[in-house]
Amino acid sequence: MSEASAVHAHQFDDISQQHEASWNGMWVFLATEVMFFGGMFTGYTIYRYAYAQAFASASNHLDIVLGTINTAVLICSSFTMALSVRSAQLGLRKPIMIFLLLTMILGAVFLGIKFTEYYQKFDEHLVPGYDFSYEPSLARPAAIFFSFYFALTGVHALHMIIGIGLLTWLMVKAWRDRFSREYNTPVELVGLYWHFVDIIWIFLFPLLYLLGRHLG
Amino acid sequence: MNGHVTERRLHYLNVNYGVKSWLLTTDHKRIAWLYLISITFFFFIGGLFATLIRLELLTPQGDLVQSETYNKLFTMHGVTMVFFFLIPSIPAVLGNFLVPMMIGARDLAFPRLNLASWYIFIVGGFFTIAAAAAGGVDTGWTFYTPYSSIYSNTHVALTVIGIFTTGFSSILTGLNFIVTIHTMRAPGLTWFRLPLFIWAMYATSIIFILGTPVIAIALTLVALERLFHFGIFDPAYGGDPVLFQHLFWFYSHPAVYIMILPGMGVESELISCFTRKRVYGYRFVAFSSVAIAIIGFLVWGHHMFVAGQSVHAGMVFSLLSFLVAIPSAIKVFNWTATLYKGSVLLSAPMLYALGFIGLFTIGGLTGLFLATLAVDVHVHDTYFVIAHFHYIMVGGAVMAYLGGIHFWWPKMTGRIYPESWARIAALIIFIGFNLTFFPQFVLGYLGMPRRYHVYPPEFQVLNVMSTAGASILAVGYVLPLLYLIWSLRYGAIAAANPWRARGLEWQTASPPPTDNFELTPIVTEAAYAYEKEPEEVYVFGKPAHV
Amino acid sequence: MLGFPLFPEQASTMAGRVDALFYFLLAVSVFFASLICILIVTFAVKYRRRSEDERPPLIEGDLRLEVFWTVVPLGLTMIMFFWGAKLFFTTNYPPRDSLEINVVAKQWMWKAQHPEGRSEIDELHVPLGRPIKLILTSQDVIHDFFVPAFRVKKDVLPGRYTTVWFEATKAGEYHLFCAQYCGTQHSGMVGRIVVMDPARYESWLGGETAGVSMASAGEKIYQRLACNTCHLESGTGRGPSLVGLFGKKVQLQGGQSVTADESYIRESIVEPRAKIVAGYPPIMPTFKGLISEDGILQIIAYIKSLTHEGIQAKK
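Chains A, B and C, in that order, are what the protein sequence lines are.
Quick note on the working numbering: the first sequence kicks off at 665 and runs consecutively.
Quick note on the working numbering: the second sequence kicks off at 18 and runs consecutively.
Quick note on the working numbering: the third sequence kicks off at 143 and runs consecutively.
Treat the hints with caution; some may be incorrect.
Residues of chain C placed beyond 10 Å of chain A at every Cβ, according to the derived structure [stated by the list, open to error]:
| # | residue |
| --- | --- |
| 1 | Arg260 |
| 2 | His317 |
| 3 | Thr428 |
List of simulated lysine-lysine pairs, DSBU-like, C-alpha gap at most 35 Å [as the list claims (entries may be wrong)]:
| # | chain 1 | residue 1 | chain 2 | residue 2 |
| --- | --- | --- | --- | --- |
| 4 | C | Lys390 | C | Lys446 |
| 5 | C | Lys446 | A | Lys785 |
| 6 | A | Lys778 | C | Lys362 |
| 7 | A | Lys785 | C | Lys430 |
Simulated from the structure, these hints should not be mistaken for lab results.
None of these values were measured; they are calculated from a predicted model.
Beta carbons: idealized from backbone N, C-alpha and C, even for Gly.
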């Protein structure tokens, strides 16, 4: 197996040490992200139990159709990302780029739908601090719900945007034929990141959209 | 090129010159210097705020500054010292410099990330200084809501953005250390052969990774509440201001272990070198670092015994707080035992190390008063607490930092500092420190609350004593600044191992070459093997793979 | 003796007990701090380096010693924990016959209201030798009620009630400090606790600013806002009966139950949908903004007075 095409950075002894370090690094980083989102999830959970009725009522104002579509979009994007990683492991330049592009498109679709929802919320006067209006007996805890909604999905969307930026960077590298069977770590690591952001959404969706919903 | 300099050995300082070679460096040793200069700057800024505070407190009335200004002074003192000096100090300066060398590596795992962490630190500092210049912030470094999120008229959001940004710097440093220590140890360097400084940096990095994101989110929510009127902690919305305290202290308690664990790591290095013995109970000291990091995450509620938390929660936090004290006690006993039958040299670093043991012990014991529920009710939010944490942070962490700077100065600069001046400064610091902070224990039990601009006249004498001590302490801190800079030009040239220490970092030139070692070291013995010669402990020149 | 104090005076039943624990901690601390300092100095002198070629013996450690100096501190700290927890428990549960006084904190002053009606600012008059329970709330930010001479302290929160209790043992005046940073005049938010012997306290109660009792004031608000149109005494109205409610366990929708204390009543007025009583519809409107914090405390005082015996007596 040729290592000539895979040059390792000077601080490492060999390519396998570099690979191991990169993997460790990404997992440690994801641990910090868990703690970051965890703080918000904790706060949300505490209020959800203190104000169950208000939160359920507010949750019903979220667009469940758009939310479900977005969930499907993200799961598909994780699939295309995984295919891109697989292509990179096989050293197939064109498929890497195709699947990266599909992932980026799906990510952009997610963001588009998200911002449509945000726009709707402004229209419906459900943005705390901006002409917020709600049934008076539930208004204040409902405002807390929406504060968390915007904080959680906003921070998540920010991570998606960063993810799309990373995918663009990968795209450029793939186009320059930088990935091979021996060296494809960046694709793997961005894949990890992307899957993580997807998993955060898998938690967000039921917590925010599916509270006390009487479906059907 | 330069005719009359005969054979100039290349090392990391002279291998290239110019501002760009420093600002775009990826060499962990140069990055350590970038941090050293930055945090020294912040230390003196924080010290300036402290000076003004102590001058104001000479008299019971508010006659030096107005109340608003005073409130900004203690806030900015806390923010600067905690986030821009203490938290980065040992990890980002000594850790960055030494971690790769102590494990026989050429650099950290992610050198560019290391440089990025410094820039992020500087951006964070810039935001906070901008907030100070624009008029400051007056919430206390603890930012309790709803005062910080709704009522304060000062630059909360700007300051909070600065702290948030700097938090990323910590996270990246911690990430780098963890990965480096896991994957890049020299051949033969098993976990239980590691220097205790590395164990301490590892435990600190765990806290960096798991704790910092939580304060990031807590401060983000405060900023959102402030800027967009989200009602998260606002009682008018049914929000819970105490929730902020939980989120804040969940990080900020472990943060104090971030501030002391690295100092404990330095302590082990100094004690072993200046007794020429292995650290007594090595494994116990190593495990204690990890135990402190883990249990440290479980005690945050001891800041909230009177905050409206349930009595039973208070009991759980109190019990755990006593448990977290035990590993620290174990370390103190082990360091003291290391002195037994050692060959003790009272060099300046050793004076700092011995001072550390005494002052940290006092600080730690007073922590027990605070962990004791019924006593904490009386002394919470008084000068007793201030005295307690300054004994640990200043009497402990800062002394360890100074001891480390002196100890590794020859390695970092290739120069020896003036030993007599250093010993005098250490003594001045020790005396000034105790005179400043011991009276504050008495003031606290008497009932003088924290963050008080004006106070009842019967507290004045103790306050004057404290300020007198602070003036001595200030002299003690200025001295090293002066003679260390002096030594850069006029100090004696250092040998590779002037202290005849055993660590790997001493087995290469002073200053070291850019890649740290000419030949890859292989470790064959435990740390601090002073009963052997270095040649029996390390082998050089073998291939990297064993 | 010195012209300035080194130790606070003891003016409550708890003060001496807290100090006893404090002295224990002090003794342990002085012992260990001295031990370490003496050992350090002794070793540093006795084992000082006499020649550069000294080779200290290889001493790695001793498990028995490690266990010893782990177990002994553990034992001592557990004594501290249990003693402190036990005392803390006592300080958190006021005796049943405590005299209740309401305190509202705001930037930057203390307002106290006695149940009989007298109110005061930045001062609190209390009778000697009787347990006093303070019900504390804030109108704005977090404050803290701290009386060093009594060794009591409790945060005062907006949107919630906290309580603190003490029994004064010495007549006199004592510092009251706000001990939670609350803004510009935080250090000016001080007052005094005036402890009087019971007879003098009674006559003070009837003094100039005496007004109607809190319960009467509360009744007025209750009637003005027509609370009784839903909260019928019989319990058959749109809302549950409030007679005999205070201190009782209430069954909520969803199976949980809660004790009807001051916080519960306040929340029911301000966020009525947070907890719905089982068997009643969730239709109570909110009165947030319509009643001040003082007013809410007065309503609570009124509800406390709605006992079955009281109603019978009126009839």
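Evaluated hints:
{"no.": "1", "hint": "Arg260", "in the structure": "holds (34 Å)"}
{"no.": "2", "hint": "His317", "in the structure": "holds (36 Å)"}
{"no.": "3", "hint": "Thr428", "in the structure": "violated (5 Å)"}
{"no.": "4", "hint": "Lys390/C <-> Lys446/C", "in the structure": "holds (11 Å)"}
{"no.": "5", "hint": "Lys446/C <-> Lys785/A", "in the structure": "violated (44 Å)"}
{"no.": "6", "hint": "Lys778/A <-> Lys362/C", "in the structure": "violated (51 Å)"}
{"no.": "7", "hint": "Lys785/A <-> Lys430/C", "in the structure": "holds (25 Å)"}
In this structure, the earlier hints numbered 3, 5, 6 are contradicted, and the remaining ones agree with it.
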